[in-house]
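**Q** Chain by chain, the residues:
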Amino acid sequence: MNRPERGRSPFPADLEILSGEVIPISTEVLLLQLFIGLSLGSIYVMMASGLSLIFGLMRVVNFAHGSFYMLGAYAFVFTLSLLGNFWICLIIGPIIVGLLGIFVEWSGIRPLYGTEEYNPLLLTLGLNYIFVDIIRILFGLGGIGSSVPEALDGMVNLGFMMFPKYRFFMIVAGAVVVILVWLFINKTNIGMVVRAGTKDNEMVQMLGINIKLVWRLIFGLGIALAALSGALIAPITGLVPEMGMFMVIEAFVVVVIGGMGSFMGSIVAGILVGEVIAITNLFFAQAGTVVIFVLMVIVLLATKAGLFGEG
Amino acid sequence: MKKRDAMSRSKSWTRRQFLKTAGATAVAVGGTTGFPTILKYALGETPIKLGAVCSMSGTMSILGQDMIDASMLAEEQINAKGGIIGRKLQILARDDAGNVGLSTTRTKELIEKDKVNFLAGANLGSTVIAQLEQVLPHKNVMYIANAMSDPITAVPAFSRRMFHSDITPYMMGQTIARYTAEKLGKRWYFLMADYAWGWQNYEAYAKVLAEYKGENLGISPHPLGTKDFSPYIGKIMAANPEVLIQIAPGFDQVNAFKQLREFGAFDKMKIVTGLYMPGTIWAVGWEVIADSTGGATFYWEAPETKEVSDAFWKKFNRPPTDDALSQYEAVREICSAVERAKSMDVEKLIKAMEGHKFKWAKTEEWWRPCDHQAIQDVYILEPKKPSGQFSKYDCFKIIERKGGEILARTCEDQGHKKDAKGNWIRYQ
Numbered sequence: 001m002n003r004p005e006r007g008r009s010p011f012p013a014d015l016e017i018l019s020g021e022v023i024p025i026s027t028e029v030l031l032l033q034l035f036i037g038l039s040l041g042s043i044y045v046m047m048a049s050g051l052s053l054i055f056g057l058m059r060v061v062n063f064a065h066g067s068f069y070m071l072g073a074y075a076f077v078f079t080l081s082l083l084g085n086f087w088i089c090l091i092i093g094p095i096i097v098g099l100l101g102i103f104v105e106w107s108g109i110r111p112l113y114g115t116e117e118y119n120p121l122l123l124t125l126g127l128n129y130i131f132v133d134i135i136r137i138l139f140g141l142g143g144i145g146s147s148v149p150e151a152l153d154g155m156v157n158l159g160f161m162m163f164p165k166y167r168f169f170m171i172v173a174g175a176v177v178v179i180l181v182w183l184f185i186n187k188t189n190i191g192m193v194v195r196a197g198t199k200d201n202e203m204v205q206m207l208g209i210n211i212k213l214v215w216r217l218i219f220g221l222g223i224a225l226a227a228l229s230g231a232l233i234a235p236i237t238g239l240v241p242e243m244g245m246f247m248v249i250e251a252f253v254v255v256v257i258g259g260m261g262s263f264m265g266s267i268v269a270g271i272l273v274g275e276v277i278a279i280t281n282l283f284f285a286q287a288g289t290v291v292i293f294v295l296m297v298i299v300l301l302a303t304k305a306g307l308f309g310e311g
Numbered sequence: 001m002k003k004r005d006a007m008s009r010s011k012s013w014t015r016r017q018f019l020k021t022a023g024a025t026a027v028a029v030g031g032t033t034g035f036p037t038i039l040k041y042a043l044g045e046t047p048i049k050l051g052a053v054c055s056m057s058g059t060m061s062i063l064g065q066d067m068i069d070a071s072m073l074a075e076e077q078i079n080a081k082g083g084i085i086g087r088k089l090q091i092l093a094r095d096d097a098g099n100v101g102l103s104t105t106r107t108k109e110l111i112e113k114d115k116v117n118f119l120a121g122a123n124l125g126s127t128v129i130a131q132l133e134q135v136l137p138h139k140n141v142m143y144i145a146n147a148m149s150d151p152i153t154a155v156p157a158f159s160r161r162m163f164h165s166d167i168t169p170y171m172m173g174q175t176i177a178r179y180t181a182e183k184l185g186k187r188w189y190f191l192m193a194d195y196a197w198g199w200q201n202y203e204a205y206a207k208v209l210a211e212y213k214g215e216n217l218g219i220s221p222h223p224l225g226t227k228d229f230s231p232y233i234g235k236i237m238a239a240n241p242e243v244l245i246q247i248a249p250g251f252d253q254v255n256a257f258k259q260l261r262e263f264g265a266f267d268k269m270k271i272v273t274g275l276y277m278p279g280t281i282w283a284v285g286w287e288v289i290a291d292s293t294g295g296a297t298f299y300w301e302a303p304e305t306k307e308v309s310d311a312f313w314k315k316f317n318r319p320p321t322d323d324a325l326s327q328y329e330a331v332r333e334i335c336s337a338v339e340r341a342k343s344m345d346v347e348k349l350i351k352a353m354e355g356h357k358f359k360w361a362k363t364e365e366w367w368r369p370c371d372h373q374a375i376q377d378v379y380i381l382e383p384k385k386p387s388g389q390f391s392k393y394d395c396f397k398i399i400e401r402k403g404g405e406i407l408a409r410t411c412e413d414q415g416h417k418k419d420a421k422g423n424w425i426r427y428q
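Top to bottom, those sequences are chains A and B. Residue numbers are given in my numbering: position 276 of the first sequence equals residue 276, and the series is strictly consecutive. Residue numbers are given in my numbering: position 350 of the second sequence equals residue 350, and the series is strictly consecutive.
Read the hints as simulated data drawn from the structure, not as lab findings. Where hints are given, some of them may not hold.
A few chain A residues facing chain B, derived, Cβ under 8 Å [what the hints assert, rightly or not]:
hint	residue
1	Ser26
2	Gly238
3	Ala287
4	Gly288
Every residue, glycine too, gets a C-beta built ideally from N, C-alpha and C.
Use the sequences and the hints to build the structure in full.
**A** As structure tokens, this is what we get:
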């Protein structure tokens, strides 16, 4: 008996699959997509700048960054269920997770300073799975949800188009946070130590500054930024314990495009990646996921060390 | 020298002595250990083992856990009534996290190490294939797949030792597409998960749309597990369809709905979903899906389902999802086949199941002999404000119910052929 060829599609050959059809794109739609790219970019910027700060100063590749993003979303929704105030919880949630980050640095990463560089990487990779399982145990596998606060519900008229208020708030919040972090790094004494530490850790220590305390603070700040990204995304998406798994990969792509350890690189690359995803999806949705990896390859081939990296 | 020989001879064993002693020892040892084991077997204390490999973690976790819970409910009910042909049923649950490699390993362990008699489960077409590949070399194992998939019952994937309890994407798509074309509009745009299940659904919708002479405005395929759908929304708005057909499982569905509402899409078009995912909808609240239309394979408030729904609610404090129900039916059906065949012989079980009509938790279904698909009804639902016994869970109303073989792909479309004697040709 002749067996049919394995792998042959059981579907009729004449099935018409339309995916590359031309839909007329108006200026309004293009602008809408650009603003969507900005709102996506604001999340990438916060995630990547946290990663970049930690790597730039401490040379720690934090693979748990995605789970801190997830913890931020859960902490926000949990505190919101207790306190009921969106604005307070948007601050409290990331602070709680930032403190957890400080604890992780103190208890787990600090003992590994001076050992092989891959040790903190392996530790954070393990933590990633531990955090996901803890959330599964505490909140269940089913996930939880939240909603946009009344004040940010609906659309805002930007003059040239209508845009969801909450997405607009995400763009503004992202911009404010980035400016505050930039001011902290560039206009404060601690920021000066951070900048100096990025260049030469040993020299800073020789000046009598407790650089390890600064590292701890920056680790907490980087984690709080990831948690804030999670908290901001929580009202518009369902929360599942695994939500940070792919996000951390995307954040690393942004950091690599921007240049490892470059704060400015994270900002530019975050916005760039958001816009590239949004515009690609408008014209060729199938490539929406892979396009950022293609972009990363192109940038690396062209610059060797990312847009703002020091090769 | 002679003395030594005499002594050695006196201590040596004759064959008769050896047999006597060995026999006595065997009786003594057997009396305390071996015979009770044989007796246990005779008394039915050796269970019939059914392995269930489902996605209890990952994006399908709600559905996978529900399927395992439903299996446990079936096990409890069957054992409470004396088991199957005098033996207890034992469910062995395993998590594959929706991962093909893990699904293969877990299934192999269940068959080779735990010696299961049957397998039932899987959440994805790809994990069904992975599990089936492990089943095929073991001629004494039968498998009821539960993932929504068309190709798994089509040639060449089809195996005579596999039955498929869940509905297929094609059946679901045909039902919802016909209702949509007749009642909601004929200019469609598709937002769908870019994997086999999504495209299998699409095939059904595209065929119906062509039949109704409607307009296909385009598709936005998205990766499974998409959190932010905003990049797709500009194109949907630009297409300006009468109906947006949304096809995605799990949290993708509620995320898409949330963000479509955020961008005002619900005010500009009808939103239709191929299959409501109650588990995720309960997690985020019914408001997310308000004003939409979609499909389901059952409704727990319907008379035909209420008894099982109530039992599930009593045991797990929540109503079952459609995946739970089809898994429950899978377990009940294989056990029922053993009872009817009064045998564990695979050939007799296949004979007992092919063409058999059954009604466990839904309206009457039957196993189509050509591809072993459970032919069943599809419900069309609309969300409503929660009420009734199930509180927040009771958030749908039944709009229509369609059923019958006419909704399924034909046996010929599935690649099945008959031989000269009129019997279905089996390849594996």
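**Q** Run every hint past the structure and note whether it holds.
**A** Against the structure, the hints:
Proximity of Ser26/A to chain B holds as hinted, the smallest CB-CB distance being about 7 Å (cut-off 8 Å). Nearest Cβ of chain B to the Cβ of Gly238/A: about 4 Å, under the 8 Å cut. The hint holds. Annotation: Ala287/A was flagged as interfacial toward chain B, and the flag is violated, the nearest CB pair being 10 Å apart, outside 8 Å. Nearest Cβ of chain B to the Cβ of Gly288/A: about 6 Å, under the 8 Å cut. The hint holds.
Hint compliance for this structure: hint 3 alone is broken.
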